[in-house]
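For reference, the chains in residue letters:
2 protein chains.
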Amino acid sequence: MTAVDEKINGVMMLVNDRRWVDVRRLLSSWPPPEIADLISSLKEDPQRILLLRFLPRHLAAGVFSELTPAIQDELLEELTNTEIRTLLADLDPDDRTALMEEMPAEMTRKLLNLLTPNDLKETRVLLGYPENSVGRVMTPDIVYIKEDWSVREAIEHIRNTGRDSETINVVYITDSVGMLIDEITLRQLVLASPEQRIRSLMDYNFIAISAMDDQEEAVRMIKKYNYLALPVVDSAGVILGIVTIDDLMDIADIEATEDFQKISGLSIEPDGDPITNIREASFGLLYKRRIFWLVLLVFANIFTGAGIALYEDAIAQTVALVFFLPLLIASGGNSGSQSATLMVRALATGDVNMKDWGGMLTKETLVGSALGAVMAAAAAALGIFRGGLKLALVVGVSMFLIVIVGSLAGMCLPFIMRKFGRDPATACTPIVTTIADICGVLIYFSIATIVL
Amino acid sequence: MTAVDEKINGVMMLVNDRRWVDVRRLLSSWPPPEIADLISSLKEDPQRILLLRFLPRHLAAGVFSELTPAIQDELLEELTNTEIRTLLADLDPDDRTALMEEMPAEMTRKLLNLLTPNDLKETRVLLGYPENSVGRVMTPDIVYIKEDWSVREAIEHIRNTGRDSETINVVYITDSVGMLIDEITLRQLVLASPEQRIRSLMDYNFIAISAMDDQEEAVRMIKKYNYLALPVVDSAGVILGIVTIDDLMDIADIEATEDFQKISGLSIEPDGDPITNIREASFGLLYKRRIFWLVLLVFANIFTGAGIALYEDAIAQTVALVFFLPLLIASGGNSGSQSATLMVRALATGDVNMKDWGGMLTKETLVGSALGAVMAAAAAALGIFRGGLKLALVVGVSMFLIVIVGSLAGMCLPFIMRKFGRDPATACTPIVTTIADICGVLIYFSIATIVL
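Residue numbers (our numbering), protein chains in the order written: chain A, 1 to 452; chain B, 1001 to 1452.
Any given hint could turn out to be false.
Claimed, not checked - Cut-off 27 Å, straight-line C-alpha distance, at most; resulting in silico cross-link-like pairs (DSSO-like, lysine-lysine): (1) Lys1007(B) - Lys224(A); (2) Lys1146(B) - Lys223(A); (3) Lys390(A) - Lys355(A); (4) Lys224(A) - Lys355(A); (5) Lys390(A) - Lys223(A); (6) Lys1043(B) - Lys363(A); (7) Lys1043(B) - Lys7(A).
Hints were generated in silico from the structure; no laboratory data involved.
Predicted model, so just to flag it, every value in this text is computed and none were measured.
All chains should be modelled from the sequences, with the hints used to inform the complete structure.
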């Protein structure tokens, strides 16, 4: 049992005894994510809502935003309109937008009606940006200062306006029309002397991202420049908000999970999310995500069967040929999956892009040939043992060619997918395996007919 | 061409004309990662070293730490001892440790000799922590304050000592023996009134990680608590330094790349790194990483061949059986790869752990059966078309069973790997495919012998 589990068990005993005042006192010093764990682990619904109601107000919104959408929905159904109004007002703007996106449409409408006019405007703006755009995850609550202020004035301004901002580690300097002209860290302000002008601290050197850019671009940018937050601007350079590194880290994490799932043949719609809570994922969801490519590839395998049928007579004459069929096609698939996975990940991290295709092709041909040669030797040894020299020759040569074809197919498929505007990860491994199967059957049996 | 490419082209023209003073002036406002890109894209070595020498001193270390180890080594060979000494002194401690780890042993010894006594002591400490431990990536340059100080005194102290610290967004409160007792943000200090006592701002509520903990644990922790830096403590609770979210984001990224490569059957030693620069990866490295599992699985496939040999007579009688062999074993492999990938990623993100094995097994049996039933229907339809009702029955029943066996094998393998202390990702997909091949052959032909 971890330390967190033990803490949770302690509170659970108080909850079971309905000693709510003690619960409230105890929880007031807990970090919100742990209180969220506690609420999730409560089984009876009345306890969940009671616990949320008994939390000190300054904690409730932070805890609520850490809960899963299913539990959020359940709790919102129980809360009164007044309670929801307070909760919504306390949520950070980006958490509020996330909540709107995740709730069923009916609940979203109800929530929008309970927002204050200002929050409603803010949420509408955030919801107006395309799915997966930077605009959807930015927070507009930041501090702006002017270049002709003194450091003392800037710090005074931060004291007055900074309390509600999500971060004030960086403050942004804008001109008279709101254009971003520089950024400066709170650290620089604290280290500077109070009488210095802001202008004297500026180097007019900053990085910004467009609200319409893809979130993946923001992830790449923040990794490259080692920032803690990126300013978000519109097409005219006017600052709209910031996107913070902790949100981008979560996005990078979900993108990686999505690639893992897509690459193994789970189908995820362009705007959909990967399965991130597999313990609670429903039977229906798992089935729906997995069945599409599995059945499609059953039909793609018609070609493997048809290929074999072409060589029915050869097989009837030398049944020993069949012994090596699974080995050969599996080897082509294994080698192809390796190169496909390497490429999908390299394309996702930006390590390679379309213009590297040619160069990678040459290298893959060399590596594939070397791998094929060693695997051919191993397969030929098995061939001698089971069917003599001639069979060994057929198996060895086939292995060599199948591994090269499999490797090249695996390397090229992600590039081809991207060329046609698809995600390179899409069902990459099973498609490559199927291609290797089909090519493998044709290569193996045609060499066998020639030699035997 | 991107905006960055264009900027680089502009400087390249100046470099080619050897207008070094203009280069220096132009680059002084560039972010270090872009200057590093520029140095990497220079082809002739004398230009690289000249560019580094002409950089303003405050930029040189930041640029140097962004270069690849190969280029760093090349440049260090060219620099004089005095130049190296300055460069090392300007590097952040964690970048300095990373450099020592990445250089060949001979260069590391040379570098250690050129460190100042203080930096040497610090680097030795950092290098003393195990590979992949938090101690290796922490930075000891942070600001400590005492609880009985006023906010004014704390800010004064930060002004005096904070200039060399990697971050002062969070300052740490320690007791007389250096034990961490709380943390407080620079933001809180700036928002508080100058005469307030630090004690009045404290809530004695903080999260810390041990220097000996695995870096993956730090990644999980910072994701859960949404911090920008985690304090690192020794076993007695004394604070040693911090690990920052940007370093942890890079680590999370490399861990994901490692899992992608391992899962597809690339071999990476426990202390090794995944291939992160595939364009420059040598033929030898790619070959070495890929060959091990490919050849091992060739020999594992002896069992598939041996399985088929058992049923040689049945095959000779009904050659049409062979048509469906690749389809059936590929389907088992595809379905197994899906569940294996889902589990490997869920184990890596901490979404499931060992105690969920039982629950997942039940769900996987249900999902596998449903998938198997639909795929069996599809395969049986192909079977009728090609060999009549009896063959359709054999193919359908085999498909149903093979998909269930493949799914369960794929789901269990990552748990079994972890149970035996191995990385669940290790060669997961090709092993599952091979298991599905072997079981598939046995299931298919034994059902065929019974029915036909």
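Verification of the hints:
1. Lys1007(B) - Lys224(A): Within the cut-off at roughly 17 Å; holds.
2. Lys1146(B) - Lys223(A): violated (34 Å)
3. Lys390(A) - Lys355(A): violated (44 Å)
4. Lys224(A) - Lys355(A): holds (21 Å)
5. Lys390(A) - Lys223(A): Between Lys390(A) and Lys223(A) the Cα gap is close to 56 Å, so the pair fails against 27 Å, i.e. violated.
6. Lys1043(B) - Lys363(A): Distance ~21 Å between Lys1043(B) and Lys363(A) Cα, so the pair holds.
7. Lys1043(B) - Lys7(A): With Cα atoms ~59 Å apart, Lys1043(B) and Lys7(A) exceed 27 Å; violated.
Going down the numbered hints, you'll see the structure goes against 2, 3, 5 and 7, while the others check out.
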